Structures are given as structure tokens and as C-alpha cells.
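> Sequence:
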Amino acid sequence: MQALGVEEFRRLVEAEWTHGRGGPATITQAEFDRVAAHFTAPAYETLTACEPPVEPAFARWVERNTHAHKVPGYAAVTLSLKPHGVAPGDITAEQMELVADLADRYSFGELRISHEQNIILADVRKADLYAVWQAARKNGLATANTGLLTGIICCPGGDFCDLPTAKPIPIATTIPARFDTFDYHFDTRDLALHISACLTARRHHHVGHLGALGTDTPTSVSYPAPPRDRQRHPCQRGRRYRHSPNLCCREGRRGGCPDICRFPIRRDSRERPDQDCQRTGRKA
Numbered sequence: 001m002q003a004l005g006v007e008e009f010r011r012l013v014e015a016e017w018t019h020g021r022g023g024p025a026t027i028t029q030a031e032f033d034r035v036a037a038h039f040t041a042p043a044y045e046t047l048t049a050c051e052p053p054v055e056p057a058f059a060r061w062v063e064r065n066t067h068a069h070k071v072p073g074y075a076a077v078t079l080s081l082k083p084h085g086v087a088p089g090d091i092t093a094e095q096m097e098l099v100a101d102l103a104d105r106y107s108f109g110e111l112r113i114s115h116e117q118n119i120i121l122a123d124v125r126k127a128d129l130y131a132v133w134q135a136a137r138k139n140g141l142a143t144a145n146t147g148l149l150t151g152i153i154c155c156p157g158g159d160f161c162d163l164p165t166a167k168p169i170p171i172a173t174t175i176p177a178r179f180d181t182f183d184y185h186f187d188t189r190d191l192a193l194h195i196s197a198c199l200t201a202r203r204h205h206h207v208g209h210l211g212a213l214g215t216d217t218p219t220s221v222s223y224p225a226p227p228r229d230r231q232r233h234p235c236q237r238g239r240r241y242r243h244s245p246n247l248c249c250r251e252g253r254r255g256g257c258p259d260i261c262r263f264p265i266r267r268d269s270r271e272r273p274d275q276d277c278q279r280t281g282r283k284a
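Numbering follows the numbering used here, in which position 33 of the sequence shown is assigned residue number 33; successive positions increment by one, without gaps.
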């Protein structure tokens, strides 16, 4: 992409799609139906609308951690594995037992692991959301940060793998402590931070709003920070800057400071850091 530019890369993708469309690799409706016959839908009920309890914490959780379902009266629930102070994606044996019980009781015995390092209960009745939330909250699985800055997708790094050149878990556990003011999170809305620890890019740092990539230097991490919105803006080339692992720019660190560290000062702004970069022309 950097060598060709966005427009040429887009042209080549469209040309490849046009060339292969309708060819031997195209999945026909008959093949789709053959494969679909091996799967059966759960025994969904015909449900009526229900009034959720009026509780602010529950309402925030429903907004961030539930998703629309194709069947009326149901929702998909994200059980967040991103509580503050814990490595993203970590879950204890006791929590796994609870999740299995919740899946059996509320989601037809099925759960899924998402690429965001969370657990999905895909078929929960909306009338059961409050009970699921209460059980998850009691056991540390109801942090309402799905899609927010603190809902970090993070590689386990050098603590558990021989490939990485960095250990990103300390960074991933430090960021929520620094940005734990939830009104700030809800002001900025969706902001995806992905951290990889080696060039295999297992955590897809190149497609987040903010991406962190470990380097060969043991005391620093290189951050490609693409100033773009994955859903609404065309792809733009990211810029790299170096930063110490503690991400602390206002406590005696010399040199430049990335916008993510200056951003909370603008409390009245509803822009994400990537949008601020676009508006002001400030370099990340």
C-alpha cells in the first residue's frame, strides 16, 4: 500500500475481484444450501418486547456489550475479559466454570471466543440480560468497555512466546489505569487499540484506530498510529513514533508526546484522537 498508494491499490483489488467473479471459486447457491443443511438453528422462541430495569450501570453494559440479533427478542452478549489490572483475554478457571453455566442456562449451551479476546453468548433472550449481567458483574466479566480504548486487543508477547521482541502486557494493563474515566471513554466512543509484539501481527495492529508494534529495542515500542476510522474513512498511511513502554508523557519524559496522551485535556471534545489528527493536521 505504501509503495502503490491507496488509489492504485484499490484499482488492483477491484480488477482482481472482477476477474474472479463468477469463476470456479464462486460459491453457488446450491453449494451454500448443501453446507447450510449440516447446521440447525437453536430452538428460538417467539418473544414479546420487555422493559429492561432502569439502572445506569446495566444500561451502559447493554449499550457496549450487547449486539443486535437476527431473531426478535434475542441479543448477542459480550462477556468482557478486559477488567482493569488484568492482561487482556485472561480468564480464571472459576470464571470459565461460570461462563459454561451461563451458556447452558441462557445461550443454548453455546459460546464463542471472539478475535477481540472476549467471550460471546450468541443467543440470549433480552428478558435474561439483567440476570446475565448480574452474574457476570459479580465475577468480573461485565466491564462495559467493548470497543473502547480500554478494551485492548493485545498479544501475550515475550511473557508467553519466543517470537516477540517486546512484552506488551505491561502496556496493556497500564493504559486502562491511565484512561479509566468512563465519561471520557463514552465521549470518544469506539476507539480500537491493537498491540502486537512481533511482525507476525497476530493482534492485527495495522487495522486498529491505534496500533502498537514491538521492535528490536528492548526499552521502547514503535507505534504505527493510522489516523483513520475503519468504518467511515478511506485507508490512510499511518505514521510511526517511538515511545517508552509506560506511555507517560507528562511525568518528566523528554521528547515528543503522541496525541493520545494530550487528548484527555480536551474534555469538551467528542473527537477521537485519529479524528483530531485529521482536523488539526497534527502528526501522530
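You may find that some hints are simply not true.
Derived CB-CB ranges, DEER-like [said to hold, decoys possible]:
#, residue 1, residue 2, range
1, R112, A49, 19 to 29 Å
2, D101, L47, 18 to 28 Å
3, A93, A57, 25 to 35 Å
4, T40, V13, 31 to 41 Å
5, V54, Q29, 39 to 49 Å
6, A100, E7, 18 to 28 Å
7, E63, A30, 22 to 32 Å
Quick caveat, the hints were computed from the structure, so don't treat them as lab data. Everything numeric in this text was worked out from a predicted model, so none of it was measured. Ideal Cβ positions, reconstructed from N, Cα and C, are used throughout, including at glycine.
> Could you tell me which of the hints above the structure violates, numbers in ascending order?
6 and 7
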